[in-house]
Amino acid sequence: MRVLPASLGRSFNGLWFGTGAANLGDGMALFVLPLLALAVDASPGGVAAVTTALTLAWPIFGLHAGWIVDRVDRRALLSGVNLVRALVLAGLTAGHLTGTLSLPLLLAAAVLLGVGETLVDTALTSTVPSVVEPAGRGRANARIEATINVTNQLVGPPLAGLLAGLTLAMATGVSAGLYVLAVAGVAAMTLRRPPVGPLPEEGGPRVSGSGGVVAGFLHLWRQPVVRAITLFTAAMNVVWAAATALLVVYAVRPGPLGLTAAQYGLLLTAMAVGGLLASMVVERLRLRFGVTTLLIADAVGTVLLVAPVAFDAPVWAVAAGAVVAGAGSSIWRILVATIRQNLSPPELLGRIYSASRVLSWGVIPVSAALAGVGAELSDVRTVFAVATGLALLILAVFVPFARRTDLSAAMEADQEHRALA
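Residue numbers (my numbering): 84 to 504.
None of these hints come from the bench; they were simulated from the model. Idealized CB from N, CA, C, for every residue including glycine. Misleading hints may appear alongside valid ones.
What the hints assert, rightly or not - Label-pair restraints from in silico Cβ distances:
id, residue 1, residue 2, range
1, Gly248, Arg310, 45 to 51 Å
2, Thr181, Leu301, 25 to 31 Å
3, Ala177, Pro337, 38 to 44 Å
4, Glu216, Leu170, 45 to 51 Å
5, Ala479, Thr183, 28 to 34 Å
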């Protein structure tokens with residue numbers, strides 16, 4: 084059996100374990116909170132409000148999350164936030180058991196959990212360079228991505244459903260316990276270098292609170308490779324948001340594909356499995372084909388996500404496109420995370436990550452809403468046709484960028500490259 088490479092080490096193992104436990108808790112919480120809303124007799128709008136509350140943190144709080152991550156000890160932050168999330172879930176469990184739970188309490192809990200996820204996700208990706216040498220970051224990011232795919236998407240929701248079938252309190256209680264386990268993993272970490280930069284000399288210039296918040300965005304915008312990759316990610320997320328919002332309408336009967344809800348669940352699971360398998364072999368694929376080819380392949384996968392629906396293809400083609408898109412998306416996230424880590428100063432990495440996430444995820448709710456309006460004004464296939472055209476345009480622009488940019492060098496960048504970036 085192959086053992087974990089020595090370059091990743093005990094500290095990464097702790098981070099890895101904490102990532103798995105926290106994301107399993109995330110996957111379960113995302114599934115069970117709407118069920119709790121139904122349990123308190125919330126209207127459909129109230130249930131949707133709970134789901135929306137879970138996603139509000141990134142566009143509103145994202146830049147501030149990066150500033151916080153860069154200013155405090157990341158190990159303490161990960162431990163503290165996961166403990167708070169455990170307490171929130173424990174409170175929901177108690178409220179459900181005692182009959183005191185209400186929709187306003189659920190909404191407040193959803194906001195707190197969303198803010199916590201924003202802080203933890205930013206801290207996790209920003210901590211990788213502090214526990215793994217540059218040569219091991221590709222493997223580290225691949226393992227974290229695979230773990231997130233398994234726990235958050237494949238295991239978390241069905242496990243929550245199984246436990247909720249017994250009692251909702253069991254599902255929320257187990258989720259709370261998983262956040263506590265994440266703290267145990269974080270406790271095993273030893274940071275290789277301080278996560279924040281040195282304090283300014285006495286009497287020297289100081290960065291204001293506002294300037295500190297936007298510093299990551301400014302550096303991202305001035306670093307051409309990170310800026311371009313972030314904008315391409317945002318553009319592809321427009322396509323993904325439209326597909327995610329409307330695929331269920333097209334796929335589940337009475338939609339054209341005529342799938343049952345269970346069959347549609349299998350379709351989404353197949354997409355997640357594609358991402359999982361890709362994350363397990365991404366390092367070998369990178370060594371065999373190179374970073375440029377793999378990122379171009381993901382842009383092709385984005386086309387295949389929407390084109391089968393646009394052309395009224397059979398269900399097998401829609402499923403195949405979803406699997407390829409899921410695999411490509413996973414590869415993109417792993418490689419882009421490593422490039423961003425290598426081209427970013429350690430003291431700004433949290434803010435740079437959160438700025439990129441705000442830009443690339445901020446388009447998702449707007450794009451999904453526009454897709455819904457487009458479907459109302461025309462039909463679902465027309466929206467997918469427009470999304471296919473956009474995906475082809477992105478591919479046409481990305482290919483020459485990727486070929487003229489030395490992305491492989493960015494993957495292998497060391498501290499000197501970061502200093503020159």
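Quick rundown of the hints versus the structure:
| no. | hint | in the structure |
| --- | --- | --- |
| 1 | Gly248 to Arg310: 45 to 51 Å | holds (47 Å) |
| 2 | Thr181 to Leu301: 25 to 31 Å | violated (49 Å) |
| 3 | Ala177 to Pro337: 38 to 44 Å | holds (42 Å) |
| 4 | Glu216 to Leu170: 45 to 51 Å | violated (36 Å) |
| 5 | Ala479 to Thr183: 28 to 34 Å | violated (57 Å) |
In the structure shown, a violation is registered for the earlier hints numbered 2, 4, 5, in ascending order.
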